[in-house]
Amino acid sequence: MLMNELMLEGLKLMLLGMGSVFIFLLMLVISMKLMSKLAQFLEPAGVAPVAIQPHLSTPADPSLVAVISAAVAAYRSKHR
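Numbering follows my numbering, in which position 33 of the sequence shown is assigned residue number 50; successive positions increment by one, without gaps.
In short, the hints are calculated from the structure, not lab data.
Check the hints yourself; a few may be wrong.
[What the hints assert, rightly or not] Using 20 angstroms as the maximum straight-line C-alpha spacing, the simulated SDA-like pairs for lysine to any residue come out as follows:
| # | residue 1 | residue 2 |
| --- | --- | --- |
| 1 | K95 | V84 |
| 2 | K95 | I85 |
| 3 | K50 | P66 |
| 4 | K95 | A77 |
| 5 | K29 | L19 |
| 6 | K29 | L45 |
| 7 | K54 | L42 |
| 8 | K54 | M44 |
| 9 | K95 | P79 |
| 10 | K50 | I40 |
| 11 | K29 | F41 |
| 12 | K29 | M18 |
| 13 | K50 | A68 |
| 14 | K54 | L43 |
| 15 | K50 | F39 |
Keep in mind that this is a model prediction, so the values were computed, not measured.
Produce the entire structure from the sequences given, and follow the hints as far as they go.
Following this line, the structure appears as structure tokens:
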């Protein structure tokens, strides 16, 4: 009879523990959903994205192109 009482007591304790964890997790899920709705409510209206205009490049200066080409050629000749 003592073993049966211990088993019943263990079963009650297990159900109490599992039930309390289940209730805690349920409250956690509900609070997360409420906070999500609150955050959506408090979030300011989205700002429309600004269209970025392409940068119009100026015509390349021939002397600048020559200097850059010479620098690239010098670098390539030293690092081969």
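>> For a C-alpha distance cap of 20 angstroms, please report whether K50 and F39 respect it.
In response: 17 angstroms, holds
> Between K29 and L45, is the straight-line Cα distance small enough, at 20 angstroms or below?
Replying inline: 24 angstroms, violated
>> Please verify whether K54 and M44 have alpha carbons no more than 20 angstroms apart.
In response: With a Cα-Cα distance of about 15 angstroms, the restraint between K54 and M44 holds, given a limit of 20 angstroms.
> Under the criterion that the straight-line Cα-Cα distance not exceed 20 angstroms, is the pair K54, L42 satisfied?
Replying inline: With a Cα-Cα distance of about 19 angstroms, the restraint between K54 and L42 holds, given a limit of 20 angstroms.
>> Between the alpha carbons of K29 and F41, is the straight-line distance 20 angstroms or under?
In response: It holds: about 18 angstroms lies between the C-alpha atoms, which stays within 20 angstroms.
> Under the criterion that the straight-line Cα-Cα distance not exceed 20 angstroms, is the pair K95, I85 satisfied?
Replying inline: 16 angstroms, holds
>> Just to be careful, I want the Cα atoms of K50 and P66 compared with a cutoff of 20 angstroms; is the pair within it?
In response: Not OK: K50 and P66 at ~29 angstroms, beyond 20 angstroms, violated.
> Taking 20 angstroms as the top limit, are the C-alpha atoms of K95 and V84 close enough?
Replying inline: Holds, at roughly 17 angstroms.
>> Hinted pair, alpha-carbon criterion (20 angstroms max): K54, L43. Please report holds or violated.
In response: 17 angstroms, holds
> Is the hinted pair K29 and M18 satisfied, with a Cα-Cα distance of at most 20 angstroms?
Replying inline: Given that 20 angstroms is the threshold and the Cα spacing comes to 17 angstroms, the pair holds.
>> Hint check: K29 vs L19, CA-CA at most 20 angstroms. Holds or violated?
In response: Measuring from Cα to Cα gives roughly 15 angstroms; hence the hint holds.
> Is the hinted pair K50 and A68 satisfied, with a Cα-Cα distance of at most 20 angstroms?
Replying inline: 35 angstroms, violated
The structure is inconsistent with the numbered hints 3, 4, 6, 9 and 13, although it conforms to all the rest.
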